[in-house]
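Colleague: Let the sequences and hints guide you as you build the complete structure.
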Amino acid sequence: MNRLIPTLFVFAFLLTACGQQESAEGTGIPFKPTGDALHLMHFVLEPAADKIWDSAGQIITAEGTRDLRPTTDEGWLAVEQSATVVAETGNLLLMPGYARDEGDWRELSLALIDAGLRAKAAAAAQDAEQLFDDGGHLYRVCVSCHSVYVQGLPAPTTTPLRVE
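Going by this note's numbering, the first residue of the sequence shown is number 943, and it counts up by one from there.
Read the hints as simulated data drawn from the structure, not as lab findings.
Bear in mind the structure is a predicted one, so any value in this text is a computation, not a measurement.
A portion of the hints provided could be inaccurate.
Distance windows between CB atoms, simulated [as the list claims (entries may be wrong)]:
hint, residue 1, residue 2, range
1, Phe973, Gln1023, 22 to 30 Å
2, Ile971, Thr1026, 16 to 24 Å
3, Leu1052, Val1092, 15 to 23 Å
Idealized CB from N, CA, C, for every residue including glycine.
Modeller: Structure representation (structure tokens):
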């Protein structure tokens, strides 16, 4: 019986703590965006996407071909980190303060997450061909979003394949 009382006390405490956590979650967590979606794109998403695009494919000129793939583990890690930023930006775009609607915005944000995760997996595997394909997929997601939400503003100028 003496052992049962401390056990019941701990059990009651854990139930109370869990109940408090659930009620806090039910009230919603306040978010404080530091800018609008354009700000998020310019300062967070665009540099991360550029890192992916600048690390995939080749530049072909009259002087020859330059392979853009990373040549070191650190270089591949930098691409993997940027791809993670791309995926997490998709999550940020679903938050109150950024989300525009439950339709196309939601679907395109989820597509951005998937594109980032695909590029992250390619970078982790150091698979240059897959990273090139995934960079192309990311570009198409960006252009799709811009065609719906950013009329009048140019699409990203960086493309997965550059011919100079």
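Colleague: Run every hint past the structure and note whether it holds.
Modeller: Hints, one by one, checked against the model:
A hinted range of 22 to 30 Å for the beta carbons of phenylalanine 973 and glutamine 1023 is consistent with their spacing of about 24 Å. Hint check: isoleucine 971 to threonine 1026, Cβ distance near 22 Å, so the stated range 16 to 24 Å holds. Between leucine 1052 and valine 1092 the C-beta distance comes to about 18 Å, which sits within the given range of 15 to 23 Å.
Figure legend: structure checked against the earlier numbered hints; every hint is met.
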